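Engineer: Numbering (numbering that gives the first Met the number 0), first residue to last: 0 to 281.
Mixed in with the good hints there might be a few duds.
[Stated by the list, open to error] Lysine-lysine pairs mimicking DSS-like chemistry, simulated, CA-CA at most 27 Å apart:
(1) K207 with K162
(2) K233 with K260
(3) K268 with K58
(4) K230 with K34
(5) K162 with K223
(6) K157 with K147
(7) K157 with K127
(8) K223 with K58
[Stated by the list, open to error] Label-pair ranges, simulated between beta-carbon atoms:
(9) K233 with G197: 14 to 22 Å
(10) E92 with D125: 37 to 45 Å
(11) Y105 with K228: 33 to 41 Å
(12) L182 with Y146: 20 to 28 Å
(13) F191 with K233: 32 to 40 Å
(14) L182 with N96: 46 to 54 Å
(15) N269 with K162: 38 to 46 Å
(16) M80 with E48: 21 to 29 Å
(17) K238 with A79: 44 to 52 Å
(18) P187 with Y45: 57 to 65 Å
(19) K223 with Y105: 44 to 52 Å
(20) V153 with K228: 49 to 57 Å
(21) E118 with K223: 17 to 25 Å
Hints in this document: simulated from the structure, not taken from any laboratory.
On a predicted model such as this, the values are computed, not experimentally measured, just so you know.
Built from N, CA and C at the ideal position, the CB exists for glycine as well.
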Amino acid sequence: MQKKVKTASQIEDLNHLADSTTEEELLEDLVVAVKGMAGTKIIDGYLDEEYNPQLAGFKGMEVYDKMRRSDAQVSAVLLAMELPIRNAFWDIEPAKNEDDEVTPEYQEQADFVKEALFERMQDGWDNKLREILTMLPFGFSLFEKVYKVEDDRVWIDKLGFRKQVTIQRWITTARLPGVTQLLPTPSPSGEFEVSIPGHQLLLFSFRKEGDNYSGISVLRSAYKNYFIKDKLYKFDAVKHERQGVGIPIIYIPKNANKAQKAVAASIVKNIRATEQTGIVMP
0 MQKKVKTASQ
10 IEDLNHLADS
20 TTEEELLEDL
30 VVAVKGMAGT
40 KIIDGYLDEE
50 YNPQLAGFKG
60 MEVYDKMRRS
70 DAQVSAVLLA
80 MELPIRNAFW
90 DIEPAKNEDD
100 EVTPEYQEQA
110 DFVKEALFER
120 MQDGWDNKLR
130 EILTMLPFGF
140 SLFEKVYKVE
150 DDRVWIDKLG
160 FRKQVTIQRW
170 ITTARLPGVT
180 QLLPTPSPSG
190 EFEVSIPGHQ
200 LLLFSFRKEG
210 DNYSGISVLR
220 SAYKNYFIKD
230 KLYKFDAVKH
240 ERQGVGIPII
250 YIPKNANKAQ
260 KAVAASIVKN
270 IRATEQTGIV
280 MP
């Protein structure tokens, strides 16, 4: 029977120990004593570790998705990290016994795992590996394990990818280990909010700290630079659009009425540099 873990406060007062307590029992209690916690800020399944509100929760997932899709440098860096891993030769190495030998049993186990991952699983290993590596830009990747029975054996049918932007809470609606997922379209049962228990999940976290299951994106430290660069790109585009044609000037006749003045102001305000741009003067 597994021994119940005691907290340090339960055993630190030696005056309350029974007379029959042996030195070995005391040492065992001290070894398994638990006094602190990881300290992760997680309330009712919601993580609160990110100080920038623009990068917390759903907003952060949307920002990282925009960064990887719209910025050429970000995309190139992510591919430089992803492609060598996908291009590597993947195999299953069997275990060895005490004599450093591979027994037939160990070889059979390795062959089973190899067939399950590389041959029988849906979507193929390379595509699944690509989805696993989305933990780099998002900090984590999450999958739901689905099994099937074939040839009198239980196989992994697929690892169902659960997009990062759909994960609402790191706890089920019943407040049990797992996640709560918000779906953009209803599930087969007509639900928009579904709970996936922890034992059905496969989680990959990048730079996980404590109980922060969402990890830390490789793009987190680059966000400030990306934000400034993105703004400068927009300012530069506006500058070229407005100043590339110089400063437009319209001379209004002295007897111009109010409507004519409004038209002239509109022309100056909306002029753009194209191959057909021009103004006809009287």
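Engineer: Using the Cβ atoms, figure out if P187 sits within 57 to 65 Å of Y45.
Structural biologist: The hinted range 57 to 65 Å is violated for P187 and Y45, with Cβ atoms some 27 Å apart.
Engineer: Does the beta carbon distance between K238 and A79 stay inside 44 to 52 Å, or does it fall outside?
Structural biologist: Taking Cβ atoms as reference, K238 and A79 lie about 32 Å apart, which means the hint is violated.
Engineer: Do the Cβ positions of E92 and D125 conform to the proposed distance bound of 37 to 45 Å?
Structural biologist: Violated: the Cβ-Cβ distance is about 20 Å, outside 37 to 45 Å.
Engineer: So the hint says 21 to 29 Å: do the beta-carbon atoms of M80 and E48 match that?
Structural biologist: Between M80 and E48, where Cβ atoms are some 23 Å apart, the hint holds.
Engineer: Checking one constraint from the list: CA of K157 to CA of K147, max 27 Å. Satisfied?
Structural biologist: 9 Å, holds
Engineer: Okay, F191 versus K233 on CB: inside 32 to 40 Å?
Structural biologist: 35 Å, holds
Engineer: Given the hint of 17 to 25 Å, is the C-beta distance from E118 to K223 inside that range or not?
Structural biologist: 45 Å, violated
Engineer: Under the criterion that the straight-line Cα-Cα distance not exceed 27 Å, is the pair K157, K127 satisfied?
Structural biologist: 9 Å, holds
Engineer: Taking the Cβ atom of L182 and the Cβ atom of N96, is their distance within the range 46 to 54 Å?
Structural biologist: 48 Å, holds
Engineer: Does K207 pair with K162 here, judged by a C-alpha cut-off of 27 Å?
Structural biologist: 18 Å, holds
Engineer: For a C-alpha distance cap of 27 Å, please report whether K162 and K223 respect it.
Structural biologist: The hint holds at about 25 Å.
Engineer: Range first: 49 to 57 Å. Now tell me if the beta carbons of V153 and K228 are that far apart.
Structural biologist: Since the Cβ atoms of V153 and K228 sit about 50 Å apart, the hinted range of 49 to 57 Å holds.
Checked against the numbered hints above, the structure violates hints 2, 3, 4, 9, 10, 11, 17, 18 and 21; every other hint is satisfied.
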